[in-house]
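S.K.: Given chain F's structure and the hints, the job is docking chain R onto it.
Protein chains in written order, with the working numbering: chain F, 1 to 409; chain R, 410 to 613.
Rather than coming from a laboratory, the hints here were simulated on the basis of the structure.
Possibly wrong hints are sitting among the right ones.
[Unchecked claim] EDC-like cross-link-like pairs, simulated, lysine to aspartate or glutamate; straight-line CA separation at most 20 Å:
(1) K388/F x E105/F
(2) K388/F x E363/F
(3) K238/F x D249/F
(4) K238/F x D258/F
(5) K388/F x D440/R
(6) K388/F x D447/R
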Amino acid sequence: MSRDEGAAPIPGVSGQRTLRIGIVCPYAWDVPGGVQAHVRDLAETLMDFGHFVRVITPVQDPSLLPDYADDGGRPRSVPYNGSVARLTLGMRATNHVRRWIREGEFDVVHVHEPLAPSLSLLTCWAAEGPIVATWHSSIARSRALSVGYYIAQTAMEKVSARIAVSEYARRTLVDHIGGDAVLIPNGVKVADFAEVAPLEPRNGRRVLFLGRTGEPRKGLSVLLRSWPGLRHNFPDLKLVIVGAADEADVLAQLPAEDAASLEFLGPLSDHGKARALRSADVYVAPNTGGESFGIVLLEAMSAGTPVVASDLPAFRRVLDDGRTGAVFINEDSSDLTRVLSRVLSSSAERESLAAAGSARAAEFDWSHIAADVVAVYDSVVQPGEVVKVDLRGQLMGRWGQRGSTSGVR
Amino acid sequence: MSMGTAILIAAVFVFAVICALYLSVTAGRLDRLHRRIDSSRASLDVQLARRQAVASELAASGLLDPATATVIAAAAHAAREAGDQDTRIAGDPLVNDGRRWLIESDLSGVLAEVFDDSYEVAEVMALPGGHDIVVSLAGITRRVQLTRRFHNDGVRACRQVRAHRFVRWFGLAGRTPWPSTVEMDDTPPTGLIFGPGEGRTLET
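The shape of chain F in the complex, shown without the other chains (with noise of 0.2 Å):
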């Protein structure tokens, strides 16, 4: 360690210094989630501070790839942990990596849900150097990782930093594996959602519900109870949905003189769902469970329109106990009545919930998230070392090693 690092330009502010970054998604580019639209808002802001960044994942589609990204392969359906997941895995797939590492001289290498078995996984075992892992979920079904502990337990030695996106992925980390985690939440583009024109305006107050109908979870039902009482108190009022919808299934939830209220905009793109959101009055989240973060909130927060959200933890924690949206008591149709009628009477609370929902938002923009990730790199980075393959997985590899790594060490 010579003193005269001490003096060299610090790389804390992004872009002093360049890094290169390979980036690891482990499920298919080219099927909506939330890890891989993490992954692509974090390697796009990473590249607009200066850095290099090359991000690997599987795709079905090659052709679909950004420029910034190589393709990993095909996904296979695999029964897993309950349920059919479209992973990458095998030896192609790990020579795939390895080679990828090889060819990136990357200063730092970032893998997304490690312990999915996938690429992530892959570059675990295939990959040795500075590391930084990032936990996405709270896995509650725990039996696969009880399974392959030693394989888990294992790979997570090589990590040198964990980053959690969440109180739960955090709980899930250190129940499990052991060890704790710097907590990073997940970041939103501000502008992409502040900034676009809203659909066209039509008559009435537009009340947003976002997501597939026929998932329990995301609450539909709580709203569509709550829905003939709100348009009694507000008969202009409209229901947007937006998202994969059974029509005929919501339909039968309610009374047929409410049909005419609901008006389905099917699967949007994050443009339309972005221009959806800007042209609604509330956006409302009746989720009753499952969310670890809840990104879509500050997605609407970011577009200026005021939230109603169950009361979950998670979503407690994004609106700041209540003072940046309001929340009900979840699962509870007459409370959410009541606070949505309460938003939709009033725009004075609409105007000022939009104004600290804004505030709040930009809080997790993009450009302050990616900062401290930059951070979490910069404490890993060895300088003058890079991601190297690790020979170790493999007995052979391990025999082939020796010679060359003796006179290293």
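M.R.: Chain R only, in chain F's frame:
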């Protein structure tokens, strides 16, 4: 040789091979953990040296009142000496590590006391050149905190493996000293923290 003896010999052989494989894999794991600790400890030295340099620069910048500048300069100077001494006696981490972490904690304490509210921070940032150096300080205090945490995580993982009885019986750790965590106060100044994360710094 009877059939029974042959089976017995084969069983012993297979058992020995399995044991050897297990020991070899565990030795590899340990080796990797030791190297990880070595590099995280080196990173911590780098980050602390940078922090000390930023603090000295701040003290010498003329942006602070003379009393504050003196206190910070003294703490930074002590940290520099402790760091230099520590580097010279590398290889025997037990000699003065304890004292060094007290001195580094003092520097954290001084910085935390000076930048404990946003008023002080805003005053310094408003001066010419103030913004850059405050941002540097925020960045480096956060990095010291992260680096120490990751180092201690590695130490704990390593201790867990070393405590295993096979590792002790077969002396798999060799002569590598029992790893020690770095215990110091590294809390970044509250005036330099904001946002939804646990300790994000102002870097925009």
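S.K.: Evaluate each hint against the coordinates.
M.R.: Right, here's what the structure says about each hint:
no., hint, in the structure
1, K388/F x E105/F, "holds (8 Å)"
2, K388/F x E363/F, "violated (36 Å)"
3, K238/F x D249/F, "holds (18 Å)"
4, K238/F x D258/F, "holds (10 Å)"
5, K388/F x D440/R, "holds (16 Å)"
6, K388/F x D447/R, "holds (17 Å)"
Against the hints set out earlier in the document, a violation occurs for number 2 only.
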